[in-house]
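Asker: Sequence:
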Amino acid sequence: MPRFAANLTMMFNEVPFLERFEEAASAGFAGVEFLFPYEWEAGAIADRLRRYGLTQALFNMPPGDWAAGERGLACLPGREAEFAAGVETALAYARVLGCERLHAMAGLLPAGMERERALDLYRRNIASAARRLADEGITLLIEPINTRDMPGYLLNHQREGHEIVGEIGLPNLKVQMDFYHAQIMDGDVWRLFETYRSAVGHIQIASVPERHEPDRGELNYPWLFGQLDEAGYDGWVGCEYRPRGTTQGGLGWFSALTGMQTE
Numbered sequence: 001m002p003r004f005a006a007n008l009t010m011m012f013n014e015v016p017f018l019e020r021f022e023e024a025a026s027a028g029f030a031g032v033e034f035l036f037p038y039e040w041e042a043g044a045i046a047d048r049l050r051r052y053g054l055t056q057a058l059f060n061m062p063p064g065d066w067a068a069g070e071r072g073l074a075c076l077p078g079r080e081a082e083f084a085a086g087v088e089t090a091l092a093y094a095r096v097l098g099c100e101r102l103h104a105m106a107g108l109l110p111a112g113m114e115r116e117r118a119l120d121l122y123r124r125n126i127a128s129a130a131r132r133l134a135d136e137g138i139t140l141l142i143e144p145i146n147t148r149d150m151p152g153y154l155l156n157h158q159r160e161g162h163e164i165v166g167e168i169g170l171p172n173l174k175v176q177m178d179f180y181h182a183q184i185m186d187g188d189v190w191r192l193f194e195t196y197r198s199a200v201g202h203i204q205i206a207s208v209p210e211r212h213e214p215d216r217g218e219l220n221y222p223w224l225f226g227q228l229d230e231a232g233y234d235g236w237v238g239c240e241y242r243p244r245g246t247t248q249g250g251l252g253w254f255s256a257l258t259g260m261q262t263e
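Note that the sequence shown covers residues 1 to 263 in this note's numbering.
Read the hints as simulated data drawn from the structure, not as lab findings. Nothing here was measured: the structure is a model prediction, and the numbers come from that model. Using N, Cα and C, we set each Cβ at its ideal position, and we do this for glycine too.
So the derived label-pair ranges between C-beta atoms look like this:
#: 1; residue 1: Arg3; residue 2: Gly166; range: 25 to 35 angstroms
#: 2; residue 1: Arg197; residue 2: Phe36; range: 27 to 37 angstroms
#: 3; residue 1: Gly259; residue 2: Gly152; range: 37 to 47 angstroms
Kindly generate the complete structure, drawing on both the sequences and the hints.
Answerer: This is the structure in structure tokens:
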């Protein structure tokens with residue numbers, strides 16, 4: 001069975017953030033991920049990880065001004081120093097949390113900027129970040145995101161992400177394959193995984209089209225989980241979905257796989 005990580009930004013929102021670690025562990029998750037940890041002290045998060053026997057599977061580098069609509073800095077001209085500083089901030093947290101994967105969001109294509117110019121800047125920033133993280137044994141992830149949820153995002157298709165990884169050619173640079181985004185933009189997600197498996201560094205899941213629990217919709221997740229097992233995938237599967245109701249009430253799909261009882 002794949003190793004599942006609960007996304008604490010989206011799941012267990014019934015309790016404050018630092019209480020979600022206990023909820024995830026009690027539900028049977030071995031790992032956690034979230035978007036951004038920077039509102040909390042790294043030591044406070046590390047304490048929860050140790051206390052509840054959880055692995056920090058992934059989190060994102062600083063994205064710029066999220067509240068103002070920014071969705072990453074890597075393709076934004078004039079923000080290179082801020083992006084580099086964000087790498088160091090994320091790295092400081094990763095050291096404390098024992099996290100081996102960091103995701104760098106590309107950003108929204110700036111108005112009036114040619115996409116190829118933005119991609120060139122993106123490649124340079126990503127290559128620099130990957131080289132920096134390699135010194136610490138950390139994998140850098142990039143993620144194509146669908147145009148419906150995040151209009152204007154620079155990177156949208158799995159093929160584009162894997163081409164960039166191939167062009168840069170650094171062994172610690174991988175693609176985050178979110179089956180939800182991939183189904184919306186590309187379809188045929190299992191063939192996508194088979195095609196690009198060697199450069200897939202993390203998987204995320206949610207139902208399509210609603211982005212809820214992976215128990216209905218366009219994707220047959222029980223079959224996909226079985227295929228991942230047969231293929232020998234040993235990475236994490238991040239549960240980046242919005243529960244339809246309470247988180248615990250929607251974990252029937254998970255208890256069916258793990259035998260855990262949910263309330």
